[in-house]
Amino acid sequence: MKYMLLIYNNPATYEGWSEDERNALFGEVDVLMKELTESGELIGGEALADASNAKTVRVRDGVTATTDGPFAEAKEQLAGYLTVECESPERAVEIAARWPDAKYFAMEVRPVMDTSGTEM
Amino acid sequence: VKTDARVEDLLRQLAPQVLGVLVRRYGQFDAGEDAVQEALLAAAVQWPTEGAPDNPRGWLITVAARRLTDQVRSEVARRRREDAAAALISAAELLAPAPGDAQPTDHDDTLTLLFLCCHPALSAPSQIALTLRAVGGLTTAEIARAFLVPEATMAQRISRAKQSIKATGSSFRMPPEQERTDRLRVVLHVLYLIFNEGYTTTSGPELQRSELTGEAIRLTRAVHQLLPDDGEVAGLLALMLLTDSRRPARTREDRTLVPLAEQDRNRWNQKLIAEGIELITRTLARAPIGPYQLQAAIAAIHAEAARAEDTDWPQIVALYQVLERISPNPMVTLNHAVAVAMANGPQGGLQLLATLDADGRLDGHHRLDAVRAHLLEMAGDHAAARTSYQLAARRTTSLAEQRYLTARAARLTDDGH
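First to last, the protein sequences are chains A and B.
Residue numbers for the first sequence follow our numbering, beginning at 1 and rising by one.
Residue numbers for the second sequence follow our numbering, beginning at 1 and rising by one.
Calculated directly from the structure, the hints in this document are not laboratory data.
Small disclaimer: the values here were computed from a predicted structure and weren't measured.
Any given hint could be a false lead.
Looking from chain B toward chain A, a few residues come up when the C-beta cut is under 10 Å (computed) [said to hold, decoys possible]:
1. Phe147
2. Thr153
3. Arg246
4. Val338
Beta carbons: idealized from backbone N, C-alpha and C, even for Gly.
Chain A with its partners taken away, still in its complex shape (with noise of 0.2 Å):
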């Protein structure tokens, strides 16, 4: 089953720490990444920027409206995300509590949704 691992954050909290404990961060980072890649689980993953380079977009009624900033206002956004492949949602939960940000903020494990399908 793949499951998309979504990294929530905010990054006012990360602009406060010192270099030494951002390398730290993006060491864990790095060390889970290789593991996944290795274990042949890793599918994908992006970062993104931050939230204030968000445009939102809605259409309403055959008309498009595009704002500036994110469609949900909150203190904590989507930073980013991976793409796994594993055997268990067990498993991805234990992938998601090994990256950083799920000590300070939170990751959410959500299955993807595939296009295979058994008739009933």
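Chain A is fixed; fit chain B onto it per the hints.
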């Protein structure tokens, strides 16, 4: 590279034979498997333009052996132990095909390779990937596309699978007699998983996945030829043929799923049905009964019904009773409940579902909710049926199933019940 179909068929058929010869001769499954892949790729490029050699098998063995020596040499050079390479393989040995390379040997290595690739120490995804590459002769890129993962991810899985096999210390020979039944069961399960990956595809962008169905049938057919007296191998082959016969009717053009009862049976593949029925009938008459044979027998009863309402449900119930006795699992109970409802009315089926609720293993599984929804709908309890359809729709991770379940729920709402 687009290989023409005839060359590709030939290469895929020769792949396990060539690998078998290499592993026998040099005893290195891991490196040998890489070398065979390279030889297959070279052939796929050269043969369509230059024509296939007179002795395709010998050609592949020679090229693969040369690649293997090159690999071993460069590795050994790196370790500054050149003399070891000379001892391992003499260059003269590679100049011409060894005696016997031209003709297939009297023993076929396909089964030995399948046992190795489906080693119980590997996870199912690894068993599947390695089987498709080493026995099926598919490239890593093709396997990756079929499983919708990046090629690098699939390459890593295959490489790890080979390392795991190495770590178990398994050698390239048939498992001991007393382990063979259990190991064969794993092989059949892997082939069944490959089949299902292809069969459940709902067409469209994942069309390549459906080729897995044909590949699973091809490999199971090969095993059946090698073990013609094994009832479960024959049963699995019959099950695949009979299931695959329904593929043209199981989805509409807009990719929505069509339930068995509503399928246009004129679109079922009669050639596959005839072969499947003949095979399962012959097998049931002489082999000890097993789960794949029973499932094939159930599929055969569906295939024999010209219309959904002609289905011999009491017979299907009887077969599910045997299946539950010899191979109990909650999914079998679920299908049994459907059969009971169709044979004797929804109440009996709903009672069986209650045993699954108590059992707990299918808790939160969308299939339990979906079956309950269908039986409640049969029973005329439309409000409860709608709730169960909606629950199933939220729980499934399949877009096609979600679309179907949501539509069933909406239909009950639209009826005004």
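Results for each hint:
Of the supplied interface hints, the one on B/Phe147 holds, with its beta-carbon coming within about 8 Å of a beta-carbon of chain A, less than 10 Å. Evaluation of the B/Thr153 hint against chain A yields a held restraint, the C-beta minimum of about 6 Å falling below 10 Å. Taking 10 Å as the C-beta cut-off, the interface hint given for B/Arg246 holds, the closest approach to chain A being about 8 Å. Interface hint status for B/Val338: upheld, as the beta-carbon distance to the closest one in chain A is roughly 9 Å, under 10 Å.
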